[in-house]
Amino acid sequence: MTKKAASKSSISKNSTAEYFAKNLQQVGFSSPSKAVLTTLKEAVDNSLDACEEHGILPEILIKIKKTGKGTLKNTDRLLISVEDNGPGLKVDEVPMVFGEYLASSKFGKGRCSRGQQGIGISAATTWAVQTSATGAMVLTKTKGASKALSCLVVNDLKKNKGLLKDKKLLAWEKPHGTRVEFLIDGRMQLNGEGGVLAYLRGNLLLNPHLSLTYELPEMEPVTIERVSKDMPQIPEASLPHPHTMKLGEFISHARLFGSKKFGEWLKTGFSRVTDAELLRLIEIGKASQSLLAKSVSSLGTEEFEAVFSGIQEIELKQPSTQSVMSIGEDALSLSIQRLGEINLFAVVSRKPAICDFKPVQVEVAVARQAQSAQDADEPVSVLRFANRVPLQFDKAACAIVKAITTINWKAYGLKQSRSLLPNGPYIIAVSVISPFIKFKNASKETIDASDELVEEIRKALQQAGQKIAKFLRKELKARELETKTQHIEKFGPILVASLCRIVEASEERKASASEGLNKLLRSESKNAEKELSLVEEKLEEHILKQKKNLRFFSDEDKEIEQRRIKEEEKVEVSL
Amino acid sequence: MVRYALRDQNEIPSLSIELCDKILRDLERSKRPLLKATKCSLDNAVYSAGLGYLTAGSKKVSTELNVSSVKKMSRAIFMLEILLRNIKSGGVNTKRELYYICKGLLRQNKELKPLDFDEQAESDSIIDFLCEILEVYREELNCFANDRGGQTYSQHLVVTETLSSGEEAVIDLSKLGTSPFMPKNRPQNLTLSMTKNIEFCLVVESEGTANTLVANGITKRYPCIIVGAQGVPSNAVRGWVKRIQDQLSVPIFFFGDLDAYTLQNIFRTLKAGSAASLIRNKDFSAPDVKFLGVLPEDIKKYSLFSYDVKESDAVEYRSLKKAKDALENDPFFQSKRNKGLAKILEWLISEKKRCEQQSFFSIDGRDPLIFEKIIVEKIRSGSFI
Numbered sequence: 000m001t002k003k004a005a006s007k008s009s010i011s012k013n014s015t016a017e018y019f020a021k022n023l024q025q026v027g028f029s030s031p032s033k034a035v036l037t038t039l040k041e042a043v044d045n046s047l048d049a050c051e052e053h054g055i056l057p058e059i060l061i062k063i064k065k066t067g068k069g070t071l072k073n074t075d076r077l078l079i080s081v082e083d084n085g086p087g088l089k090v091d092e093v094p095m096v097f098g099e100y101l102a103s104s105k106f107g108k109g110r111c112s113r114g115q116q117g118i119g120i121s122a123a124t125t126w127a128v129q130t131s132a133t134g135a136m137v138l139t140k141t142k143g144a145s146k147a148l149s150c151l152v153v154n155d156l157k158k159n160k161g162l163l164k165d166k167k168l169l170a171w172e173k174p175h176g177t178r179v180e181f182l183i184d185g186r187m188q189l190n191g192e193g194g195v196l197a198y199l200r201g202n203l204l205l206n207p208h209l210s211l212t213y214e215l216p217e218m219e220p221v222t223i224e225r226v227s228k229d230m231p232q233i234p235e236a237s238l239p240h241p242h243t244m245k246l247g248e249f250i251s252h253a254r255l256f257g258s259k260k261f262g263e264w265l266k267t268g269f270s271r272v273t274d275a276e277l278l279r280l281i282e283i284g285k286a287s288q289s290l291l292a293k294s295v296s297s298l299g300t301e302e303f304e305a306v307f308s309g310i311q312e313i314e315l316k317q318p319s320t321q322s323v324m325s326i327g328e329d330a331l332s333l334s335i336q337r338l339g340e341i342n343l344f345a346v347v348s349r350k351p352a353i354c355d356f357k358p359v360q361v362e363v364a365v366a367r368q369a370q371s372a373q374d375a376d377e378p379v380s381v382l383r384f385a386n387r388v389p390l391q392f393d394k395a396a397c398a399i400v401k402a403i404t405t406i407n408w409k410a411y412g413l414k415q416s417r418s419l420l421p422n423g424p425y426i427i428a429v430s431v432i433s434p435f436i437k438f439k440n441a442s443k444e445t446i447d448a449s450d451e452l453v454e455e456i457r458k459a460l461q462q463a464g465q466k467i468a469k470f471l472r473k474e475l476k477a478r479e480l481e482t483k484t485q486h487i488e489k490f491g492p493i494l495v496a497s498l499c500r501i502v503e504a505s506e507e508r509k510a511s512a513s514e515g516l517n518k519l520l521r522s523e524s525k526n527a528e529k530e531l532s533l534v535e536e537k538l539e540e541h542i543l544k545q546k547k548n549l550r551f552f553s554d555e556d557k558e559i560e561q562r563r564i565k566e567e568e569k570v571e572v573s574l
Numbered sequence: 000m001v002r003y004a005l006r007d008q009n010e011i012p013s014l015s016i017e018l019c020d021k022i023l024r025d026l027e028r029s030k031r032p033l034l035k036a037t038k039c040s041l042d043n044a045v046y047s048a049g050l051g052y053l054t055a056g057s058k059k060v061s062t063e064l065n066v067s068s069v070k071k072m073s074r075a076i077f078m079l080e081i082l083l084r085n086i087k088s089g090g091v092n093t094k095r096e097l098y099y100i101c102k103g104l105l106r107q108n109k110e111l112k113p114l115d116f117d118e119q120a121e122s123d124s125i126i127d128f129l130c131e132i133l134e135v136y137r138e139e140l141n142c143f144a145n146d147r148g149g150q151t152y153s154q155h156l157v158v159t160e161t162l163s164s165g166e167e168a169v170i171d172l173s174k175l176g177t178s179p180f181m182p183k184n185r186p187q188n189l190t191l192s193m194t195k196n197i198e199f200c201l202v203v204e205s206e207g208t209a210n211t212l213v214a215n216g217i218t219k220r221y222p223c224i225i226v227g228a229q230g231v232p233s234n235a236v237r238g239w240v241k242r243i244q245d246q247l248s249v250p251i252f253f254f255g256d257l258d259a260y261t262l263q264n265i266f267r268t269l270k271a272g273s274a275a276s277l278i279r280n281k282d283f284s285a286p287d288v289k290f291l292g293v294l295p296e297d298i299k300k301y302s303l304f305s306y307d308v309k310e311s312d313a314v315e316y317r318s319l320k321k322a323k324d325a326l327e328n329d330p331f332f333q334s335k336r337n338k339g340l341a342k343i344l345e346w347l348i349s350e351k352k353r354c355e356q357q358s359f360f361s362i363d364g365r366d367p368l369i370f371e372k373i374i375v376e377k378i379r380s381g382s383f384i
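Protein sequences, first through last, are from chains G and R. Going by numbering that gives the first Met the number 0, the first sequence opens with residue 0, and the numbers climb by one from there. Going by numbering that gives the first Met the number 0, the second sequence opens with residue 0, and the numbers climb by one from there.
Only chain G is shown next, with the shape it has when bound in the complex (with noise of 0.2 Å):
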């Protein structure tokens, strides 16, 4: 090789976030319109993250403009801006938030959260610096400070660092909070399953206690307030349960204990290990008195590979439900009412599970839109996501719609062609919560099929099939008794009709037949109305009490609700 050859092919070191900068497709920055997307729903995830750790209700502002044309080809210079009342950031944590690739506060602590590996917001500000030469125009002020600290954050590609420039210290009204801006180049997709409106409406869905405005380019501002004030419970960081473990891990877990005895470490260092399981233990001859006893440093692979397999031979309580940050059917209830008018839903919370030997929690809303602009034989609108944060792209190799693909909604009262999406004015809404998703790819977009996920996700939406089985049922058969009585006053006079024709009756017997006939179906008439009351009082009753479950239905219903949420604010605030 000569010298030349050599030095072409030496090996060179990239930074993470020269690494990302050059690979922003695959973090969701594959395509202008993408673009627009991933950067506002990065900004818009962050948010919330930081207002719900601060036992903070999020009120949301998010303003889209178009700003002139993008270098790019057919893209347009978009200004994103997203604005919360977050606990905002102190000086030094601007940096590395906004500028530093794998900072993250919640990379692999155990629990939920939207984000995790801490790259998303950072490769929007990658974005912004690539298309349009600026970066993250950052606005942000904690609790108690005089003024909101404004700066530029750029990112350091090569010592993957955020730089701070343009900082100024301005006077801002709002007693704490952060505002991002990016100017972009990119495509605004307002509509469609991609589109901003449907990641929105998710968000919508998923966070009742979220108040959110936002003014987008040819629309008219839009406020939706919150429709519940509680929040949801942050998940605490638990310990690991031992069916969620890897023997490696299981082993390397121990190391972490040094001297501490076998027995105490199984009941200390795992969640759902206690005495009554290092009994089973020993009764199944997996583990003995002495063993447990011994220092976990003094234990060799093969003393760790019993007890391990024993461990997953006898049953454990299920992981602790504290690390999944679960919405509930009554919050996913309510929320469910800001999609627009809806005239039947059914929600479903699962217990939590373990899967792929990961907790996870399935929550599944099913619901028919009053009016929607669906045909009844387009596929229904899916909405996914994935520790609160709605997936709107390649949805196709889903976890999700997998599972919903997989069962027969005909069962259930819809329409559905064979391994297809069911058909109608419907929304299926599945929400899957787990402290470790596995996704597809880093840009999150799609949650691996794994078997056992897709039958915990079709388990939860065959319950929420069966509710609405129900009720569709009582439509069905009142449909039927209503068309039975149209029957009487449609044919009746049909039938005599063709039968004068045919003999050549008289009108007299024309007559006299008529009303035979009509005496012979009047009291049937009667009886398939009495009973087309009582089908219709019942199913009044099953909506009312759907209703009551969700405290308001009316619009004025609404207000009042509103109204009372915000008194309890205020008194809240002034106490």
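Take the hints with a grain of salt, since some may be wrong.
[Unchecked claim] Using 20 Å as the maximum straight-line C-alpha spacing, the simulated DMTMM-like pairs for lysine to aspartate or glutamate come out as follows: (1) K87(R) / E503(G); (2) K71(R) / E481(G); (3) K323(R) / D307(R); (4) K70(R) / E523(G); (5) K509(G) / D25(R); (6) K509(G) / D20(R); (7) K21(R) / E507(G); (8) K518(G) / E27(R); (9) K70(R) / E121(R); (10) K518(G) / E530(G); (11) K489(G) / E121(R); (12) K71(R) / E523(G); (13) K112(R) / E481(G); (14) K35(R) / D25(R); (15) K469(G) / E479(G); (16) K71(R) / E10(R); (17) K21(R) / E503(G); (18) K21(R) / E514(G); (19) K21(R) / E506(G); (20) K469(G) / E481(G); (21) K509(G) / E27(R); (22) K299(R) / E327(R); (23) K489(G) / E27(R); (24) K289(R) / D256(R); (25) K87(R) / E139(R); (26) K71(R) / D25(R).
What the hints contain is simulated information worked out from the structure, not anything from laboratory work.
Given chain G, work out where chain R should sit, using these hints.
Chain R in isolation, oriented as in the chain G frame:
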């Protein structure tokens, strides 16, 4: 209820008027009209060895006028009007044409709009309903199906057809060259005669194989009639074979695949009629037809290619189930007279094998006449059931 025993097509208008008048009288007296029709299904099929075909048992399907049936009855009387008009004028139609005739008439009259049919299946079922109430053949209501199958070849058969004008048309099959004679759905208008004594009539399941036999010269070498059934025999084929049986008194043989479908759906229908047409099997079955093959013993005798029926395959398993069902529920196979045929079904179940009619061509690939030779050998040696 009036029992409408029909003797002649000319009676249909008067029977229909009688039926409608009865319904009207019931209505005038505020009495609920009740229409009873023969139940046409296997559970109401009776087979007597003496008659040789399936007839209807005593089960009836009753339709009482009420809110649920008023639509069906209104549609039936509306359709009856159209059919009566056809009978009067001598017009004929297919089911599909009647569907469109109805749709056209209903479009013209807004008051009749509720009767409209969304699909042809709806109007078809109304026509069948009328046939069952009046106990008549669909053809007698001048509603014909496509005359499918039945291509017939012979050098010694003459058919005389009486046309609706009363004139007669004489068709000498030996003068048709390579063209076959195609029977019609109304075999009663045909009279048959032979120019020479015919040795046998062979009905072949596959029309293609029937054509092969003729192209290779079977009708020139043997005084015979060759008919292609084209799968499940249509009314035309069934009525035509019955005519050959009754008028020529020649032995008739059927040759087809060795499987439950061929035995029950094709051969049984040809020989004894079907469950769906219990009221007309008398004129649409030929009880003297023999099953020439493929017989189970032929497989061994001629080293034929046969296939294993895989129970794991849903479609193939259905054929086994069909054989079991036929033995359990079909009175034709339960009759002592057809013990030999039932034994074939039992063989199919126990051996889980099937064999196609064309496998005879595998015996000697160099001899184009091998199929014909074996057929004739089997007939002459009595190798049939």
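Hints versus structure:
no.	hint	result
1	K87(R) / E503(G)	holds, 16 Å
2	K71(R) / E481(G)	holds, 17 Å
3	K323(R) / D307(R)	holds, 17 Å
4	K70(R) / E523(G)	holds, 15 Å
5	K509(G) / D25(R)	holds, 12 Å
6	K509(G) / D20(R)	holds, 11 Å
7	K21(R) / E507(G)	holds, 16 Å
8	K518(G) / E27(R)	holds, 10 Å
9	K70(R) / E121(R)	holds, 12 Å
10	K518(G) / E530(G)	holds, 19 Å
11	K489(G) / E121(R)	holds, 18 Å
12	K71(R) / E523(G)	holds, 17 Å
13	K112(R) / E481(G)	holds, 18 Å
14	K35(R) / D25(R)	holds, 15 Å
15	K469(G) / E479(G)	holds, 16 Å
16	K71(R) / E10(R)	violated, 24 Å
17	K21(R) / E503(G)	holds, 13 Å
18	K21(R) / E514(G)	holds, 16 Å
19	K21(R) / E506(G)	holds, 17 Å
20	K469(G) / E481(G)	holds, 19 Å
21	K509(G) / E27(R)	holds, 8 Å
22	K299(R) / E327(R)	violated, 28 Å
23	K489(G) / E27(R)	holds, 19 Å
24	K289(R) / D256(R)	holds, 14 Å
25	K87(R) / E139(R)	holds, 12 Å
26	K71(R) / D25(R)	holds, 18 Å
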